[in-house]
Amino acid sequence: MGNPNPANLRRWYVIAAPYFWLLLFFLVPFFIVFKLSLSDSAIAIPPYTPTFNWTDGITGFLSKLDFENYKFIFSDPLYVNAYLSSLKIAAIATLLTLLVAYPIAYGMARAPKAWQPTLMMLVILPFWTSFLIRIYAWIGILKKEGLLNLFLMNWGIINEPLNILNTTTAVYIGIVYSYLPFMILPLYASLEKISPTLLEAAEDLGSRPWKAFWQITFPLSLPGVIAGCFLVFIPAVGEFVIPDLLGGSETLMIGKTLWNEFFNNRDWPLSSAVAVVLLLVLLVPIVFFQLQQQREREAGR
Amino acid sequence: MRSRFSWFNATSITLGFAFLYIPILLLVIYSFNESKLVTVWGGWSVKWYGSLLQNTALKEAAWVTIRVAFLSASVATVLGTLAAITLVRMGRFPGRTLFSGMIFAPLVMPEVITGLSLLLLFVALNIDRGFWTITLAHITFTMCYAAVVVQARLQDFDKSVEEAAMDLGATPVNTFFQVTLPIIAPSVISAWLLSFTLSLDDLVVASFTTGPGATTLPMKIYSQVRLGVTPEINAISTILIGIVTVGVLVAAYFTKRRTEREDRERRIAFGATD
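So the sequences go chain by chain: A and B. Just so you know, the first sequence maps onto residues 114 to 414 in the numbering used here. Just so you know, the second sequence maps onto residues 1229 to 1502 in the numbering used here.
Treat the hints with care, since some could be wrong.
Subject to a maximum C-alpha distance of 35 Å in a straight line, what follows is the list of computed DSBU-like cross-link-like pairs (lysine-lysine) [as the list claims (entries may be wrong)]:
{"no.": "1", "chain 1": "B", "residue 1": "Lys1264", "chain 2": "A", "residue 2": "Lys226"}
{"no.": "2", "chain 1": "A", "residue 1": "Lys306", "chain 2": "B", "residue 2": "Lys1387"}
{"no.": "3", "chain 1": "B", "residue 1": "Lys1264", "chain 2": "B", "residue 2": "Lys1275"}
In short, the hints are calculated from the structure, not lab data.
With these hints in hand, go ahead and build the complete structure from the sequences.
Listed below in structure tokens is the structure:
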């Protein structure tokens, strides 16, 4: 920048629109959330009292800073437990998704070349269908008088109906099911690139197939494993629909806590503080993921 | 990687796809169930589709949803395409890292945060909440998906074609509309379709940013789902699944035909030297 030649100016015509849109609708809102998290809740419309005015200047601003909402979050075990249990549920669900996705992606990468576009398409298609509807479909399957219990009891596998709906197990099933495509696609992309000659060489040198898998295939697929795990883990931590519809009262997740705080208690400042803390919790994995993706992109060139 | 497709591979693919598709299939089948109880099969019937037609609130919500999705997908595709060009073709510029961060962060951002932050922005700007705020919110998060889809295609294609057009005297704008856009067109169409379906599906962001009078279909479905499973929701879900499936298949068909035609043309053009 700096030299106002026409080519440079034209560049900015292209850059400006998406740039300013994202600044206004993505970045600025975060500052507003942070500002509001320092306010007190009030019975008004909108339901909060401003803690400070921008006109007070920097000293007025600093003197009025008020971390009451944050103190409240960290003193109330409900919120701390909700954060911890969200991280735990998301981590376990990510691991389960990886275990389910790996054999599928592996099979896809080894399938005849002519099938692969169709298989890819079949993995992507459910992602296009509504998330809400796919979760709803599981309610009918998992509930006490639902299709799974009906099936298992008809075949005499169980005598008593299983209680799965409204438990954390149902939340795991929901996360694995809805995020499976996000795991399969990056895994498939990195598995597909591995040259079969490497495995043939290993075999010629006397390596057992299982050993060759652990020593060659799996390490080479690591970029896909990492990308997939982030793509599942990060959104799963803040998930709302799945714990709300499939989980029970025992399932604590922070996305649901935030939603309740906002819609049921109408405490906007407190829900803002919950959002800020959630963002800070996710910042490390998000930045790490960005850097990893950037490295991948640059390596791909 | 292509060597010996084993029984183990075939089984894992089959089980995987069964897991992905059986829940959706069951939902579709039970939308044609005569009985109101989900576990009792009362024979085939389309009566729940009939009762949908009488539900004016649901039809109204569907109309709001389609308008929001159409408008937001169109704006998001334009902004997303510009963003993709910025990422791939503009090289370095001040604030590039921030820009690419703002494109990729919304993809993994929990929806509750996106929804809450946009709502607070609209309140701060004193904008009346309703149809337009949902649309603005949807443009914001779907444009990032659109950017990623178009970016993938832009990265793939040979830049020398653009350079050749410029060398022959085409202006950058002409080059974009006559050379670049036709080449990336399939990805622009997929970007639009993806933005459209994401907007169509969204519950969380819409719930935060809506105001009185604007209820979208997912919000309507959600409030009914909380009361329990009903064949009517199965019916509306089946219609949505049908629309999306047909859309994706049509898009895939056209992309396939296009690449086949391009391959053929390339073979003819370079036939003599091959």
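How the hints compare with the structure:
1. B/Lys1264 x A/Lys226: Violated. B/Lys1264 to A/Lys226 sits at ~46 Å, over the 35 Å cutoff.
2. A/Lys306 x B/Lys1387: holds (24 Å)
3. B/Lys1264 x B/Lys1275: Measuring from Cα to Cα gives roughly 10 Å; hence the hint holds.
Checked against the numbered hints given earlier, this structure breaks only hint 1.
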